[in-house]
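Chemist: Single-letter residue listing:
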Amino acid sequence: MMDFLQYDFARQAMLAGVLVSIACGVVGTYVVVKRIVFISGSMAHIAYGGIGLGYFLGINPIWGAFAFTALSAWGIGFINYRAGQKEDTIIGIMWAASMALGIILIQMSAGYTADLMSYLFGNILTVPREDLIFTGVLDIIILLVVYCFFEEFRAVAFDEEFARTVGVNTEKIYLLLLFLIAMTVVVMIRAVGVILVIALLTIPPTIAAQYTSSISRMMLISVLLGSIFTVGGLWLSFYLDLASGATMVLLAVAGFFISLALRGIKNRRLMVVEERNNFYENG
Amino acid sequence: MMDFLQYDFARQAMLAGVLVSIACGVVGTYVVVKRIVFISGSMAHIAYGGIGLGYFLGINPIWGAFAFTALSAWGIGFINYRAGQKEDTIIGIMWAASMALGIILIQMSAGYTADLMSYLFGNILTVPREDLIFTGVLDIIILLVVYCFFEEFRAVAFDEEFARTVGVNTEKIYLLLLFLIAMTVVVMIRAVGVILVIALLTIPPTIAAQYTSSISRMMLISVLLGSIFTVGGLWLSFYLDLASGATMVLLAVAGFFISLALRGIKNRRLMVVEERNNFYENG
Amino acid sequence: FKKEESKVREEGVLKVWVTVLPQADLVRKIGGELVEVNVLVPKGASPEDYEIPPGRLKELSQADVYFVVGHLPLERVWIERIKGINKDLLVVDTSQGIEIIDDNPHIWLSPRLVAIQSRHIYEALSSIDDENKGYYEENYAALQDELEKMDEDIAELFTGIKTRMFLTYHPAWTYLARDYGLTELAIEEHGKEPGPKHVAHIIDVAKKNGIKIVFASPQHSIKSAQVIAKELGGEVKIIDPLPEDYRELYETVSLIADAMRRAEKNK
Amino acid sequence: MEKETTAVEIKNLWVKINGRSILEDVNLKIKEKDFLGIIGPNGGGKTTLLKVIAGLIKPYRGEIRVMGEDRIRPGYIGYVPQYAYFDYEFPITVEEVVLSGRLKHKKGRRFSAADYRIAHDKLKQVEMYSFRKRQIGELSGGERQRVLVARALAVEPKILLLDEPTASADKGFVADFYELLCELNREMTIILVSHDITAVSRYVKTLACMNRTLYYNEDKILTYELMEKVYPCPVDLIAHGIPHRVLMPHEGVVGER
Amino acid sequence: MEKETTAVEIKNLWVKINGRSILEDVNLKIKEKDFLGIIGPNGGGKTTLLKVIAGLIKPYRGEIRVMGEDRIRPGYIGYVPQYAYFDYEFPITVEEVVLSGRLKHKKGRRFSAADYRIAHDKLKQVEMYSFRKRQIGELSGGERQRVLVARALAVEPKILLLDEPTASADKGFVADFYELLCELNREMTIILVSHDITAVSRYVKTLACMNRTLYYNEDKILTYELMEKVYPCPVDLIAHGIPHRVLMPHEGVVGER
Ligand SMILES: Nc1ncnc2c1ncn2[C@@H]1O[C@H](COP(=O)(O)OP(=O)(O)OP(=O)(O)O)[C@@H](O)[C@H]1O
Ligand SMILES: Nc1ncnc2c1ncn2[C@@H]1O[C@H](COP(=O)(O)OP(=O)(O)OP(=O)(O)O)[C@@H](O)[C@H]1O
Ligand SMILES: [Mg+2]
Ligand SMILES: [Mg+2]
Ligand SMILES: [Zn+2]
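Residue numbers (my numbering), protein chains in the order written: chain P, 1 to 283; chain V, 1 to 283; chain W, 1 to 267; chain A, 1 to 257; chain G, 1 to 257.
The shape of chain P in the complex, shown without the other chains (with noise of 0.2 Å):
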């Protein structure tokens, strides 16, 4: 470990590892708990459509980034609570309109465009700094608005229509969700790459559900797991020289898979048929 540290790149990679999993394992819970992970792989889609929209209008791609996956989180949220679409279709939709969109405004627009594989793959090894620091800010943005409304994202997640008798804004807090999601798939896709946030934001916190039912819990342990993942994974990549942010999802990966055969030991003669049903109850 020790002659890895020596690097500067090392290091930051390390940090970035570590703050990238903080904002996933804490928003991932809401995105499991609540299964939309459909959104956090679509917003990371279609913020490629704010790209090539910053590139058409020479403005720095991620800011376009941002006002698109913001523009469709306000745009999920609103058709959704307007219109009585499906969310899922209307979020299936974005995403390719999204993408056709940026392809369309990148071969538009004048100069030289990045490539897309940067955007979708990213580099964990070398994220610049001023990355960490937007890494670093969103994680306090987020930890700071799921302290203020805990309860409520808790209360619309599961049951949006108590909540609304109750009294609770539930069109906003929805939309605070998703601009959570938004904002964390714009900043991670710049940092690490869209694989990494999609299996940051999945896997940790699957794992975390199968140990607890709470949600504070599940946010708690998804974030150590996410380091773990991580950082381990660095550490792995460098041993076998692998591509590390692959090695890192590899790595969550097989870390599933074992909790999901330690809990399959335990409950080895239980039933099981009564359990999967569940996702039929769901629709």
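Wrong hints could be hidden among the right ones.
Derived BS3-like pairs (lysine-lysine); straight-line CA-CA distance at most 30 Å [what the hints assert, rightly or not]: (1) A:K124 with G:K16; (2) A:K133 with G:K104; (3) A:K58 with P:K172; (4) G:K104 with G:K29; (5) A:K16 with G:K133; (6) A:K33 with A:K205; (7) W:K83 with W:K133; (8) W:K43 with W:K58; (9) A:K31 with G:K133; (10) A:K158 with A:K124; (11) G:K205 with A:K171; (12) A:K171 with G:K171; (13) G:K33 with G:K58; (14) G:K16 with V:K172.
To be clear, the hints were calculated from the coordinates, so they are not data collected in a lab.
Use these hints to put chains V, W, A and G with the ligands onto chain P, whose structure you have.
Modeler: Only chains V, W, A and G with the ligands this time, still in chain P's reference frame:
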């Protein structure tokens, strides 16, 4: 139109558009009613792992993609039925894992970078004849399977528990559906790229669902709409000289919003809050 | 080649297509007024994620010759498809006879390999358009002189430099390095995302040799290059691996040579 | 004066869903501390009416005033839905579900000890206190319904809306539950939808019948003619066990205890 | 001989969920054409037992035989769940939902005219025929429950499992429904879970109480002691309206009509 149709490649692209619309309209209807849009998006990314494997083993990447998505369909079904995990999370995990694996495999395989983007984007203008044949065969398979198991698919998608008590092998039926989606995604990736697949899988059935509550009619309308969007988009992209895949997607998105607006005008004074609740009822 | 001949007579010019900008320059120099050159990947676009719009395909369906670089992934995907659209298209692989390293496509960045490429271009043009063979030959000879001159100039740039090592993010200069006895340190391994060990290794080597300049290309994100430069206490310099005018190559290489001199001083 | 004592006032309310008219010209005026029972056939629109009062469905036409105001204040409504649609795998305990009834009462970000005390009290009232650490999905149908009742009670609302709260509850609980409602009724207005006419007629102060529109008399009289309008086969009904005292052809207070 | 007439036979059945034991040592033997009513407190395990019989939950230990076989044949079971969890926006009509009960009867890929006739008959029996073209989400709670009953009937099963089928049904329907069950009982075995002890005791042939384990007498006698075991407060219960003839301290057939 005529001067466009004089080109072989244009006629071929139109044929491709219609063939793709058939598969997407039929499979997409299930994807939309069963709310598994996410699966189609993920399978496209999961295919990337297979592409990496193809490069690594030095075989045609499309076979790797086939193997991978088929396996993942089976995996999604299996974990879902046996391990009591949330389907959307599993899919998110597979998505990330496959992408990561793809990256590592490509990194480890000999030679210079693989061409990922052509798999993500495809190009309907230059679909090789063999892909047309592939797509045509897929259309026939899909139509046959759906023709044979129409009632079973509907019953399982609607209320899997009851279907089970009646004696339907729900696992088998669900797996069959996942395989159809997997095959569609892989064939379509090759023919038209990921974004167009997602757009064609989701947008036409979503529009159709606004006008009918019959699955078979949804399929029919979806196929028609899909054909209109692809052929119309092709024609439009030719005259505006834009990327054709992206133009088709944007045309479809425009179609969705027009239909939404039309419905909105019709129902303007109707209450909509209630309908929106349905999301929470399923979430 | 009867058919093509008649085409030339009818329309006056040969419709020639190439994939990247530097190739276009070569074809123009050899074909002069007798050719109309089109580039598949326009300026600024990255050959990795270029989607061909229908208008281009329409033009491609009327093309006469396509000169491929030979090892660009983009070409691997599209050439077969383009051939499907235009069955009369003559596709010439300009990398024939060039020893390829690791499937690296950037053969247009060494004057010596460019000489081979331009011979392929010349031969193809004159076999299609036999009538104007003399014209092509004349142009070709002039280009060869120019390239020889550039070859000598470039070789001269490095005289007196002992550690001929430079650091680049994207491994575009591999052939240049081979032909002039340079060592290219590339952060991307074979054009793929690097692992941390590789990055650490590059940093070690760069530090040992006093290298402080990281070369990046405008088509790729320079963000990552900046982080490496920071670790080395140096800076990022942008050099274009897809120059529009072939003569720019000399300027670019002189930047590389300058960087080497500075590194020697740092050592 | 009058305004002060009217809990819910509905004037010429129409509700349409998907172009189909569900409620037609509903008029209703409930005094504070009233206990209104609503009966009616399946599909009569009872659930829809409660949702309109709870602010979950916007009317097509007409006016609703809750506690004299045309908007619903936080904490005024406690609602027990007929069916609760939520994710049974959601990581939330029974206690946390009930606490969510205190959302608009809590000062600051967290629930206070007082909130917890109230939540626990309500759980005890529905005999679910020992289940408080269970995940919500790990309950039987009737247990879940009790928790939802506790959640609505935890709001300590001005108006309690109950949509068949005892549909899945066992008989032991039902009797206790109605006693509890009578007690709560001293402090709040209650609107109860139920098919259990026997029980309803015994505990409520006012009775209304719902079938597209609301048949309701401020005089608290439910006539035989009214029942005939509402139910498709009132004769059958009587034969099958509706206590005759519910039906008073000319006068008499229904549900008087 | 004996095997031929046993509809459901359960021996030493244990069910655990998430490590918690839900059913303990349940034993049950139901003759063909029997009509078993199961009562019991909330959380007693009634729903779990029905799901085990329907093949939806695998037992932790023990043995179940349905119609003499250890696997369930298609078309043997008709199941009306306590709560149906499905997507209310699903594009399916009431008629199509009921037809899905015919899935394993249909020859070929499509439903025959006979299947349609049966589905329509069942819809008429639950008074929902006129709703047959409605999308399933556009129904009220009670209407939906009737459709689910029709769906189970459309199976024309050997064994009909009903989990509180009348919880949201109006009284008019309930009476008719029990008459219908008695009629159906001539051709099939029925197991009915309900909290409506009055109704149950009137129509069923055999009565059982469920609280973790099944208290059940093949002699069809429900003793006072039994009730005391099952319900936390049997005295209360009686006070609150359980007809006394259900409780027979020493002997007598319960539910005799
Ligand atoms: N998924 C689960 N995890 C843990 N415990 C569960 C789960 N599902 C049900 N239980 C418990 O199992 C017991 C029996 O549940 P069941 O649904 O069978 O009861 P029931 O007799 O049908 O009750 P009700 O009359 O309320 O419907 C209850 O105590 C319940 O809390
Ligand atoms: N989304 C919808 N679209 C169309 N019609 C609907 C919708 N929801 C309910 N309805 C109809 O509205 C009417 C009233 O429904 P509501 O749920 O209010 O009845 P209810 O009195 O509560 O009945 P129950 O006793 O069965 O619960 C019913 O006829 C029902 O079919
Ligand atoms: Mg209702
Ligand atoms: Mg139950
Ligand atoms: Zn390059």
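Chemist: Each of the hints needs a verdict: does it hold here or not?
Modeler: A quick look at each hint next to the structure:
1. A:K124 with G:K16: Status holds; Cα separation ~26 Å.
2. A:K133 with G:K104: violated (43 Å)
3. A:K58 with P:K172: Answer holds: K58 of chain A to K172 of chain P is near 19 Å, not above 30 Å.
4. G:K104 with G:K29: The hint holds at about 27 Å.
5. A:K16 with G:K133: Given that 30 Å is the threshold and the Cα spacing comes to 19 Å, the pair holds.
6. A:K33 with A:K205: Holds, at about 10 Å.
7. W:K83 with W:K133: Cα-Cα ~26 Å, so holds.
8. W:K43 with W:K58: Judged against 30 Å, a Cα distance of about 20 Å means the pair holds.
9. A:K31 with G:K133: Judged against 30 Å, a Cα distance of about 41 Å means the pair is violated.
10. A:K158 with A:K124: Since the Cα atoms of K158 of chain A and K124 of chain A sit roughly 21 Å apart, the hinted pair holds (cutoff 30 Å).
11. G:K205 with A:K171: holds (21 Å)
12. A:K171 with G:K171: The given pair, whose Cα atoms are some 17 Å apart, holds under the 30 Å limit.
13. G:K33 with G:K58: holds (25 Å)
14. G:K16 with V:K172: holds (27 Å)
Hint compliance for this structure: hints 2 and 9 are broken, all remaining hints hold.
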